[in-house]
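Please arrange chain F on chain U, whose structure you already have, making use of the hints.
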Amino acid sequence: MTAPGPVIDDEEGGASRAAGGLPAWLPKVVLPLVLLVVLIGSWEAYVRLNAVPGYLLPSPITVYLATFRDIPSLLPALQTTLTITGVALLIAMVSGVALAIVVVQFRWLDYALAPYMVILQVTPIIAIAPILLIFFETTTTLYSCALLVTFFPILANTTQGLKSVDHNLLDLFKLYRASPGQTLWLLKLPSSLPYLLTGLRIAGGLALIASVVAEFAAGAAGAKGGLAFRILEAQYRMLVPRMFVALLLLALTGVAIYGLTSLITHLALRRWHESAIRRES
Amino acid sequence: MTDSRKPIVSLKAISKTFSNGTVALSDMALDIRQGEFISLLGPSGCGKSTALRIIAGLATASTGTVDWPSATYDPDGRPDREIGFVFQEPTLMPWATVFGNVWLPLRLKGISKAAARADIMHALELVGLAKFAESYPRELSGGMKMRVSIARALVTQPKILLMDEPFAALDEITRFKLNNDILRLREQLGWTVVFVTHSVFESVYLSSRIVVMAARPGRVVAEIDIDVPGPRGEDFRTSEVYAQYCRKASDALHAAMGANDHL
Numbered sequence: 001m002t003a004p005g006p007v008i009d010d011e012e013g014g015a016s017r018a019a020g021g022l023p024a025w026l027p028k029v030v031l032p033l034v035l036l037v038v039l040i041g042s043w044e045a046y047v048r049l050n051a052v053p054g055y056l057l058p059s060p061i062t063v064y065l066a067t068f069r070d071i072p073s074l075l076p077a078l079q080t081t082l083t084i085t086g087v088a089l090l091i092a093m094v095s096g097v098a099l100a101i102v103v104v105q106f107r108w109l110d111y112a113l114a115p116y117m118v119i120l121q122v123t124p125i126i127a128i129a130p131i132l133l134i135f136f137e138t139t140t141t142l143y144s145c146a147l148l149v150t151f152f153p154i155l156a157n158t159t160q161g162l163k164s165v166d167h168n169l170l171d172l173f174k175l176y177r178a179s180p181g182q183t184l185w186l187l188k189l190p191s192s193l194p195y196l197l198t199g200l201r202i203a204g205g206l207a208l209i210a211s212v213v214a215e216f217a218a219g220a221a222g223a224k225g226g227l228a229f230r231i232l233e234a235q236y237r238m239l240v241p242r243m244f245v246a247l248l249l250l251a252l253t254g255v256a257i258y259g260l261t262s263l264i265t266h267l268a269l270r271r272w273h274e275s276a277i278r279r280e281s
Numbered sequence: 001m002t003d004s005r006k007p008i009v010s011l012k013a014i015s016k017t018f019s020n021g022t023v024a025l026s027d028m029a030l031d032i033r034q035g036e037f038i039s040l041l042g043p044s045g046c047g048k049s050t051a052l053r054i055i056a057g058l059a060t061a062s063t064g065t066v067d068w069p070s071a072t073y074d075p076d077g078r079p080d081r082e083i084g085f086v087f088q089e090p091t092l093m094p095w096a097t098v099f100g101n102v103w104l105p106l107r108l109k110g111i112s113k114a115a116a117r118a119d120i121m122h123a124l125e126l127v128g129l130a131k132f133a134e135s136y137p138r139e140l141s142g143g144m145k146m147r148v149s150i151a152r153a154l155v156t157q158p159k160i161l162l163m164d165e166p167f168a169a170l171d172e173i174t175r176f177k178l179n180n181d182i183l184r185l186r187e188q189l190g191w192t193v194v195f196v197t198h199s200v201f202e203s204v205y206l207s208s209r210i211v212v213m214a215a216r217p218g219r220v221v222a223e224i225d226i227d228v229p230g231p232r233g234e235d236f237r238t239s240e241v242y243a244q245y246c247r248k249a250s251d252a253l254h255a256a257m258g259a260n261d262h263l
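First to last, the sequence lines map onto chains U and F.
Using UniProt numbering, the first residue of the first sequence is number 1, and each one after it goes up by one.
Using UniProt numbering, the first residue of the second sequence is number 1, and each one after it goes up by one.
Mixed in with the good hints there might be a few duds.
In silico DSSO-like links for lysine-lysine, alpha-carbon gap of 30 Å or less [claimed, not checked]:
1) U:K163 / F:K109
2) U:K174 / F:K109
3) F:K131 / F:K177
4) U:K163 / F:K113
5) U:K174 / F:K159
Simulated DEER-style distance windows between Cβ atoms [stated by the list, open to error]:
6) F:N180 / U:A114: 47 to 55 Å
7) U:A114 / F:G190: 49 to 57 Å
8) U:I209 / F:E172: 55 to 63 Å
9) U:L113 / F:V221: 46 to 54 Å
10) F:N180 / U:R271: 26 to 34 Å
11) U:G41 / F:S141: 51 to 59 Å
No lab work stands behind these hints: they were computed from the structure.
In this text, a Cβ means the ideal position worked out from N, Cα and C, and glycines have one as well.
Just chain F, same shape as in the assembly:
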């Protein structure tokens, strides 16, 4: 995609080698622009989660740079990334209520419960859990826990939302439902998302651009623009154009995989 807009974040020649010698990521370049929904699609071991963690600053690249062109920098020279992160597991604090969990990012910034209340309730309303503010995580289903996790990620109104296989552990019915929720929220809030998945179907359904990756060493092998304007819904999931894109992504994925690679 040729786009003259300034990227929110820009990866340049990122490589990551673990201490045991495994090359997790080799020479990855990626520009992420405002409003994009990018899926990192690939088999396990392709470095897609590593790339996400490097963007988030949870891991450091061995070589290469991550630029945040429009971010402000704190006195220590660290960029204020304004990130929301959703892990594969809901990663909620079991001892805190739903409200307390969503409050956490604001609380860590020193915002009091009273001052944060409106933002927290708004975030919970967006994921349809306002009624469950005083519930504890153990009282919720897997899908609801994941919604709390999403509410926590969006309560800070981040510039970019990073999601690391967030729905991989959920059943298919719940997953489809959450896929639609993500699309709706993106429509409403104009999110920029980087979404890690190993599901071809999920990535085509959600994305404006798919980055196909392969393993050993982890690398980018193809980029596919999903040029489907307008709101997507269940109709899109059964459409001809959806099937074509799925085949294209699937072909790109398999072309990159050697005969000895396993999914």
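Looking at chain U on its own, in the form it has when it is part of the complex:
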């Protein structure tokens, strides 16, 4: 993460400044904003000049106004989607790490499971949803889909991390007669943390996608329904601006999850891991 703002004690006086004296982060902030204004302006102009009806393509202003009107009614749906995403992610974290520990401990289990892990991972989950729906109620199906999708990146990355422990450090622990529990807790888990967190960042994005896609396939979660269900509902009722508002909420949720998992990674690794350290040059 590069912190915007002036760098104190900058010897070269240019590390964070582009030629011409402007801070280097300025174009990274300004240019996307300029592009945003251009795109929204063109959209507004297109709708006005061609007199496109609002039920086909609402203008940005219409969507903006709809935001205030619709957000209160969409918030419970957002909450439902967030709950499914968050709970699935949490269960995936705990069970993925636990299974990774067991798999690394027992090589034969690794061999037995490996092909099925790959099959489950590459199978599009949306195709499993209708089958799951036969066995479970809708809410359980949604949780299962989100869990299936998030589980594997965490399992695969953590397994890789647990297998990549420095052999000399393993020898050192053996030399000092560390118990298996000590070796796991003091060596293997911290050592695989960067891998686990990479899995978490991947899984965080996938969890949201899975909970939305699964709801498209399986229907409303519980009485209220999630954002995906509300998008379908708005489509049936030709409430196109509301579809855009729901989409916006989903996008913001995705960004928030990404930000949160990146923040967790940064906080956990900032003191020691190469990936989280700012280089001075």
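Just chain F now, kept in the frame of chain U:
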């Protein structure tokens, strides 16, 4: 060296054959006594690191025995070797501070941070890194990391310190400095050391006895006592007697190597 003292550890007819058929070590015998500084000197493939790992219990000998005559044995029949081991790389945990890394051997014995603090700080003072207790390994230079590794090895006050080419990856200036540190610490603490190296100069500078080894199969070809009493320093590195010992060790090394052997 004829010495009536009881050895700390005694290797008898040790051989090691790897699963691919390579004979890493053939019929090695070695007694290591209190206060000795023994270098295992030889080219790569001579089994010097394998011998060290067998002493440490990190590898098992195919045949032969390793005796610890004065060690206590635990209920499972394993000797309490009281070893400190320094690897070729610093082998520090990057997620732990210098303090945390040196605490590790004591922590694994169940000693709390508070109870271990005095020992840890003492070990860090001995290697001159007390100020860096709260630093992370990535913030240190290669030489400083190696010092942390040495502090970690000595924090348990081991009976014997095993060092596996600890300075091979360091630049020469740092290496000389650490050589002097090792000699000083040995003087202060009365260490018994087994030191693996492929440097003739390093082994003569540090050792009280050099075990010269050769490859294919890995074996001991000569033992040279370095009979230089008193504290050694930079003067010794440029002295006549040092040069003579270096030539002697170098000759023994080359005599054992066939024309087709490469260093």
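- Check each numbered hint from earlier against the structure, then list the numbers of those it violates in ascending order. none
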